[in-house]
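2 protein chains.
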Amino acid sequence: MYRLIIDAMGGDHAPQAIIDGTVMALQEYTDIFVYLVGKREVIGQYLQEQEYDRDRIEIIDARDEIQMAEPPVNAVRTKKDASMVVGMQMTAEGKGDAFITAGSTGAAVAGGTLIVRRAQNVLRPALAPILPTTKGGVLLVDCGANVDCKPVFLQQFAIMGSIYMKNVVGIPNPRVGLINNGAEEEKGNSLTKEAYQLLKGTNINFVGNAEGRDILSGNYDVVVCDGFVGNVLMKFMEGCASFLFGMIKEELLSSARTKIGAALAKPAFTGLKKQLDYTEYGGALLLGANKGIIKAHGSSNAKAIKNAIRQAREFTKMDLVEKIKKDLQDNPCK
Amino acid sequence: MYRLIIDAMGGDHAPQAIIDGTVMALQEYTDIFVYLVGKREVIGQYLQEQEYDRDRIEIIDARDEIQMAEPPVNAVRTKKDASMVVGMQMTAEGKGDAFITAGSTGAAVAGGTLIVRRAQNVLRPALAPILPTTKGGVLLVDCGANVDCKPVFLQQFAIMGSIYMKNVVGIPNPRVGLINNGAEEEKGNSLTKEAYQLLKGTNINFVGNAEGRDILSGNYDVVVCDGFVGNVLMKFMEGCASFLFGMIKEELLSSARTKIGAALAKPAFTGLKKQLDYTEYGGALLLGANKGIIKAHGSSNAKAIKNAIRQAREFTKMDLVEKIKKDLQDNPCK
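Keeping their order, the protein sequence lines are chains U and H.
So that you can map any letter, position 300 of the first sequence is 300 in this note's numbering, and since no number is skipped, the others follow by simple counting.
So that you can map any letter, position 212 of the second sequence is 212 in this note's numbering, and since no number is skipped, the others follow by simple counting.
Since the hints were made in silico from the structure, they are not lab data.
Please note that a few of the clues may not be correct.
Heads up, the list lumps identical chains together, so a pair's fine if it works in one copy or across two of them.
[Claimed, not checked] Capping the alpha-carbon separation at 30 Å, the derived lysine-lysine pairs in DSSO-like fashion look like this: (1) Lys150 / Lys193; (2) Lys317 / Lys303; (3) Lys193 / Lys323; (4) Lys79 / Lys193; (5) Lys323 / Lys200; (6) Lys187 / Lys80; (7) Lys39 / Lys325; (8) Lys187 / Lys334; (9) Lys249 / Lys150; (10) Lys150 / Lys80.
Next comes chain U alone, as it looks inside the complex (with noise of 0.2 Å):
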């Protein structure tokens, strides 16, 4: 049985889509035992309408709640009560293999960090969600769990991401970028200079750099980069989106043969819509933390908590946190 601590307060849907989603996760998976963390009253209240098996559930009362825009590190050291913190520090007891939250982004890197800790061997935890690509997703490391990085960092980046697509995704050698600003091995800032060189160097499938017109492009299966930089890239994806289809709805709107158009070709807008759906990809992970720790997306729906506790259950049924171990004492990085 995989036991999976769940924030049922965190996100903008809690704690209603937190509660579908885990009752919707242990129809599916009848090998998880779930702890939900949250007001007991509340979470009680939620699961009374619902049909789950009652034996593979138990409500964690916790009375605090972490704000989105409360600066996290502070939340964590201080709210004690909150359900992400009381369930950070049930994971690391051990009382659970797994933690997912949709809560803020920050206060789960920092409860991560500093709650669970880092597995031996990891320098630094890196948040690492999956894009979509062309042909299925790129996993970007680190998405933003450090602003200022090592070149031995990135090189770390890399052979946890590679282990993860490889076991989690299933994708059998896994093609490692590094993001770059030039494809030749001699472009790059003082920091990707240096992380090539230590790439070169590993035994996983380095490909070589990643420009920026590249990440989406199916060639690679781990994209790693500093997490300032894959903060601004992900962020900025969303923004290109954003652009993009606001351009084309308004070109759409601007004559009455484009609008008959728009109306016919609207099922492949709705099927792009559900291509991009982040809920499909459930979500970004905190690698190297010594328990396997799960972002999902802020504004998670039922489907994508149900997904976010997949992915903890297969992160887990692999034991990920221990081939980490494993594979970094294999193959130090200094």
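Got chain U; can you put chain H on it based on the hints?
Okay, now just chain H, sitting in the frame of chain U:
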């Protein structure tokens, strides 16, 4: 008369597109004189087919060319007879007010820095393209000239970008954003945290941090970052657009209904393409060089070259180099 020096041999469609664009510009602007630099007989042959004012054009013979894949600094240093190097040399010697090339970006930056050199008080020239937004355009400084930056470089990028948008694009009080991994003042890596404090003390309209999702929102006229981040972002924008359009196309072709819709909606996509058309935006500037240096897109057609020439003319007309020198003297950056 504004004297502009044009690299006739650089770019995917050189020399045809360069010469056609030059002739278009000569017809539109009667106050420019151009030097076309490249193989005399080749330029002469293309010019033969055109009607233009022969008194406002002069061919400067240059026998060599810098290829796109060449290591740029080395190429600029050794290929003394390349059209790019001859043109830069003439610009440095004051034979012209501005230089335009659609050749290698690296060579344009290297040539600008090593031959034309930086203007007085400028610490580092920066490459600055205009990106389209929902409301006009935003100047991105730096998109690749300086991959490792000190905070004060970013401060100067902001000042120079602001001067450009005010004087050449005509925006009264350009809103300047610092590209960062969060909106709050305390967010950032070591570079941007320090740059934020410097920018606060600068006499420009600094409106705070710009997150990735806001870069194209139209809320900024200038956004600044180091050249590594800028390069990755600019190419990622290309990658996002081609990813999204690829997905849309695939979805539109997925059923008979959406195919008909797509055919009817086609004018909208053509309109959109026009709005995103880089040829409308001219080229990227090497801001802070001692003369106007315009790097047109490698795949520039004649219209794009004409617009880059217009940009060079406006840059010269507004005496931008002197304005930058003076402004940086009045507001010393340390």
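Do the hints match the structure? See the list:
1. Lys150 / Lys193: Both, since 11 Å and 18 Å are each at most 30 Å.
2. Lys317 / Lys303: This pair counts as within: shortest intra-copy Cα distance 21 Å, inter-copy 59 Å.
3. Lys193 / Lys323: Within. Shortest intra-copy distance 28 Å satisfies the 30 Å Cα cut-off; inter-copy 36 Å does not.
4. Lys79 / Lys193: Answer is between; shortest inter-copy Cα gap is 27 Å, intra-copy 41 Å.
5. Lys323 / Lys200: The answer is within: 21 Å in one copy meets 30 Å, while 47 Å across copies does not.
6. Lys187 / Lys80: For Lys187 and Lys80, only the inter-copy Cα distance (24 Å) is at most 30 Å; the intra-copy one is 46 Å.
7. Lys39 / Lys325: So Lys39 and Lys325 fail the 30 Å test inside a copy (35 Å) and across (62 Å) alike.
8. Lys187 / Lys334: The answer is both: 22 Å in one copy and 28 Å across copies each meet 30 Å.
9. Lys249 / Lys150: neither (43 Å within a copy, 41 Å between copies)
10. Lys150 / Lys80: neither (32 Å within a copy, 39 Å between copies)
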